[in-house]
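Throw the hints in and build the complete structure from the sequences for me.
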Amino acid sequence: MTLTPTAERWLKASGEFDRVAALTDLPVRSTSRLPGEPRPHPDPEAFLFAPASAGSTAKLALGLADNQALTALCEVVGDPTVRVVVCPQLSEQQARHPAWPRHLETLASVGVIVRRIMPDQPWTGALDALHVPTTPEP
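Numbering (my numbering), first residue to last: 6 to 143.
Since the hints were derived computationally from the structure, they do not count as laboratory data. There may be inaccurate statements among the hints.
Ranges of calculated distance between the beta carbons of each label pair, as one might list FRET restraints [claimed, not checked]: (1) LEU39 x ASP125: 40 to 48 Å; (2) ARG38 x SER114: 26 to 34 Å; (3) ASP30 x PRO106: 39 to 47 Å.
Straight-line distance between alpha carbons at most 25 Å, and here's what the computed DMTMM-like set of lysine to aspartate or glutamate pairs gives [said to hold, decoys possible]: (4) LYS17 x ASP71; (5) LYS17 x ASP125; (6) LYS64 x GLU110.
Note that this is a predicted model, so its numbers are computed, not measured. For glycine and all other residues, C-beta sits at the position ideal for the given N, C-alpha and C.
See below:
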């Protein structure tokens, strides 16, 4: 699990960071590793970016990797072997910004699945979009 710096602050302030960290045997990261440090995570088959702010979604569409979470995503956007699901959660005012549709079009054009999360709806749509189809065994 890789968090934006803001998400890490929220989880720590709410007391949920340790509970979330206990869900995996891998480190929960929000900062970049130093040169020469090994990669602490295996290469995943899929990424779920949720909830993604309007700003982080725009940065991803523009290739602006200014934190560890966006760096990891920017490295795989456009890779046909990795499923990327982005779930923006934003206000109606943010969604009306004239640049917003272009950001979504940019992401979709390289195979990113975008599923907006409304605050009053369950996240099952995001989780369903994350499903990576497999080939049945012969």
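Which numbered hints does this structure break? none
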